[in-house]
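Just need the whole structure built from these sequences, with the hints factored in.
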Amino acid sequence: MPVTTFEIPEKYSYQTGFLANLETEAIPGALPIGQNSPQKCPYGLYAEKISGTAFTAPRWENQQTWVYRIIPSASHTGFEAVPTENSLSPKFNYLPDQLRWDPFDINDGVDWIRGLNMVAGAGDPALKNGVAYYIYGATQSMAENTAFYDADGDMLVVPQLGALDIWTEMGRLLVRPNEICVLPRGIRYRIDLVDNQPIRGFVLEIYNGHFHLPELGPIGSNCLANARDFQIPVAAYTHDTKSTWTVCSKFRGQLFRASQRHTPFDVVAWEGRYYPYKYDLGRFNTIGTISYDHPDPSLNTVLTATSQAHPGTAIADFVIFPPRWLVAEDTFRPPSYHRNCMSEFMGLIQGSYIAKQDGGGGKKGGFQAAGASLHNCMSSHGPDSAAFDKASNEELVPVKVGTGSMAFMFESCYMVGVTDWGLSKCSKLQDKYAEESWGSLQDLFQPPTTITHGGANGVH
Numbered sequence: 001m002p003v004t005t006f007e008i009p010e011k012y013s014y015q016t017g018f019l020a021n022l023e024t025e026a027i028p029g030a031l032p033i034g035q036n037s038p039q040k041c042p043y044g045l046y047a048e049k050i051s052g053t054a055f056t057a058p059r060w061e062n063q064q065t066w067v068y069r070i071i072p073s074a075s076h077t078g079f080e081a082v083p084t085e086n087s088l089s090p091k092f093n094y095l096p097d098q099l100r101w102d103p104f105d106i107n108d109g110v111d112w113i114r115g116l117n118m119v120a121g122a123g124d125p126a127l128k129n130g131v132a133y134y135i136y137g138a139t140q141s142m143a144e145n146t147a148f149y150d151a152d153g154d155m156l157v158v159p160q161l162g163a164l165d166i167w168t169e170m171g172r173l174l175v176r177p178n179e180i181c182v183l184p185r186g187i188r189y190r191i192d193l194v195d196n197q198p199i200r201g202f203v204l205e206i207y208n209g210h211f212h213l214p215e216l217g218p219i220g221s222n223c224l225a226n227a228r229d230f231q232i233p234v235a236a237y238t239h240d241t242k243s244t245w246t247v248c249s250k251f252r253g254q255l256f257r258a259s260q261r262h263t264p265f266d267v268v269a270w271e272g273r274y275y276p277y278k279y280d281l282g283r284f285n286t287i288g289t290i291s292y293d294h295p296d297p298s299l300n301t302v303l304t305a306t307s308q309a310h311p312g313t314a315i316a317d318f319v320i321f322p323p324r325w326l327v328a329e330d331t332f333r334p335p336s337y338h339r340n341c342m343s344e345f346m347g348l349i350q351g352s353y354i355a356k357q358d359g360g361g362g363k364k365g366g367f368q369a370a371g372a373s374l375h376n377c378m379s380s381h382g383p384d385s386a387a388f389d390k391a392s393n394e395e396l397v398p399v400k401v402g403t404g405s406m407a408f409m410f411e412s413c414y415m416v417g418v419t420d421w422g423l424s425k426c427s428k429l430q431d432k433y434a435e436e437s438w439g440s441l442q443d444l445f446q447p448p449t450t451i452t453h454g455g456a457n458g459v460h
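So in UniProt numbering, spot 347 of the sequence shown is number 347, and the numbers just go up one at a time.
The hints are simulated quantities; they were obtained by calculation from the structure and are not laboratory data.
Small disclaimer: the values here were computed from a predicted structure and weren't measured.
Careful, some of the hints might be misleading.
Restricting the straight-line Cα-Cα distance to at most 27 angstroms, the calculated cross-link-like pairs of lysine-lysine (DSS-like) are [what the hints assert, rightly or not]:
#: 1; residue 1: 242; residue 2: 128
#: 2; residue 1: 242; residue 2: 49
#: 3; residue 1: 390; residue 2: 400
#: 4; residue 1: 390; residue 2: 432
#: 5; residue 1: 432; residue 2: 91
#: 6; residue 1: 364; residue 2: 432
#: 7; residue 1: 390; residue 2: 364
#: 8; residue 1: 364; residue 2: 428
#: 9; residue 1: 242; residue 2: 40
#: 10; residue 1: 364; residue 2: 425
#: 11; residue 1: 91; residue 2: 425
#: 12; residue 1: 428; residue 2: 91
#: 13; residue 1: 91; residue 2: 49
Cβ-Cβ distance ranges computed for the label pairs, FRET-style [what the hints assert, rightly or not]:
#: 14; residue 1: 312; residue 2: 33; range: 24 to 30 angstroms
#: 15; residue 1: 425; residue 2: 127; range: 22 to 28 angstroms
#: 16; residue 1: 213; residue 2: 288; range: 37 to 43 angstroms
#: 17; residue 1: 287; residue 2: 195; range: 21 to 27 angstroms
#: 18; residue 1: 221; residue 2: 80; range: 34 to 40 angstroms
Glycine included, C-beta positions come from ideal geometry on N, C-alpha and C.
Below is the structure:
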């Protein structure tokens, strides 16, 4: 069965269907029938609309949700700025170098909010234009009676170690390594550890638009990530209007907080298309060549956020490299050497990657689980010398690669800058990545001894 076998069993129920218009009630009859905002809502609830797109966005991309809650979210004190030591602000150093990081540390004594560090990105959340890449690592659940929301954009979360128990306004999600989740802009949530185990992983944040399934074109009506496999919370609430809660907000890369005398998780029912969701990467239906040559990695796109200015060009693609069969004949099977107008940020959840050495044994260097690499706009990259030698000389028989492994890529049309945290403060940037990967490539050129030139340009 094409699903992941998880060490931590599922404990929540879900709805399914990517971007479907869903409805869910924790109490039967809590949803109004035939209208959104009656004079009096059932059970004395308040109606509140959460808009994820402009009111006048085309219907196919319009994302709005009506929630029916005990106290409106507007009931809170004023926000105050909170000083932070972690890297959240979009201040970047733009470099043409190929960069690679050793496995990132898990920050001891911090929670999700304090353990989130921006490593790279582009653009400005105030203009709703750009992306940001984060590493998170934490050993604590969020403080009691604390919730968080991101006003800057949607966050796609990729756990690498430890499970996330996420309590959102729309219900609860359990997200484990080899699953991803998307937490949309503005949705309030809190993250708890499971069995007090530490967490570490990656986050792709988009400042504009939302994630969609990629178009399938000639592939047809199924394959890659199928809409039916995305899981969405069911309504779940608590009735607490006496406790003091802290609501933290990330707003243009700064942290703010306010307090309120009610829980943010008091939504008894909701309906709409704007909600958090998760997806098991083990359900991805991989497509590849069954004849020759190596297809572009876009064939492995799980989710995409497209640019309206340039159709077919992604603000961000989330791409994976799952277990798969390689059967191409007379073909160099790893990815080719490449210069790309797009930027490529890669990470490894577990295992190894076909085009890179893994470093091994927890040593520094190589491409390891919990590490990452960045190949920026037009920065040359490709298989390292060991991978090239192996793939150039191996017997071309059908072989399954990637068993027990999962690599991924955040690809973006932007030139991606690196934060000071990513360059120095994290202390994980490898010094001689390019030299160690490609410096030992040999001159293998063997021209024929007799050359007949067809014109004056035949210089040798």
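Outcome of the hint check:
Straight-line distance between C-alpha atoms of residue 242 and residue 128 comes to about 36 angstroms, which puts the hinted pair past the 27 angstroms bound. Restraint check for residue 242 and residue 49: the C-alpha separation of about 24 angstroms stays at or below 27 angstroms, so the hint holds. About 15 angstroms separates the Cα atoms of residue 390 and residue 400, which keeps this hinted pair within 27 angstroms; it holds. A hinted pair counts as satisfied when its Cα atoms are at most 27 angstroms apart, and residue 390 with residue 432 qualifies at roughly 22 angstroms.
A distance of roughly 24 angstroms separates the Cα atoms of residue 432 and residue 91; the hinted pair therefore holds under the 27 angstroms criterion. At most 27 angstroms may separate the alpha-carbon atoms for a hinted pair to count; residue 364 and residue 432 meet this at roughly 11 angstroms. Of the pairs offered as hints, the one joining residue 390 and residue 364 holds, with about 22 angstroms between alpha carbons and a cut-off of 27 angstroms not exceeded. Among the hinted pairs, residue 364 with residue 428 is consistent with the structure: their alpha-carbon atoms are about 9 angstroms apart, no more than 27 angstroms.
Taking the CA atoms of residue 242 and residue 40, the gap is near 23 angstroms; set against the 27 angstroms cutoff, the hint holds. Simply put, residue 364 and residue 425 have alpha-carbon atoms about 17 angstroms apart, close enough for the 27 angstroms limit, and the pair holds. Between residue 91 and residue 425 the alpha-carbon distance is near 14 angstroms, which keeps this suggested pair within the 27 angstroms criterion. Between residue 428 and residue 91, the direct Cα distance comes to roughly 19 angstroms. Compliance with the 27 angstroms bound is thereby established for this hinted pair.
A threshold of 27 angstroms between alpha carbons decides the hint, and for residue 91 with residue 49 the separation of about 33 angstroms lies outside it, so the pair is violated. Between residue 312 and residue 33 the CB atoms are about 42 angstroms apart, so this pair departs from the stated range of 24 to 30 angstroms. Look at residue 425 against residue 127: about 26 angstroms separates their beta carbons, and that is inside 22 to 28 angstroms. With their beta carbons about 19 angstroms apart, residue 213 and residue 288 fall outside the hinted range of 37 to 43 angstroms.
In this structure the hint that residue 287 and residue 195 lie 21 to 27 angstroms apart at CB is violated, the actual value being about 37 angstroms. For residue 221 and residue 80, the Cβ-Cβ distance of about 51 angstroms falls outside the hinted range of 34 to 40 angstroms, so the restraint is violated.
Of the numbered hints given earlier, the model fails hints 1, 13, 14, 16, 17 and 18; all others are met.
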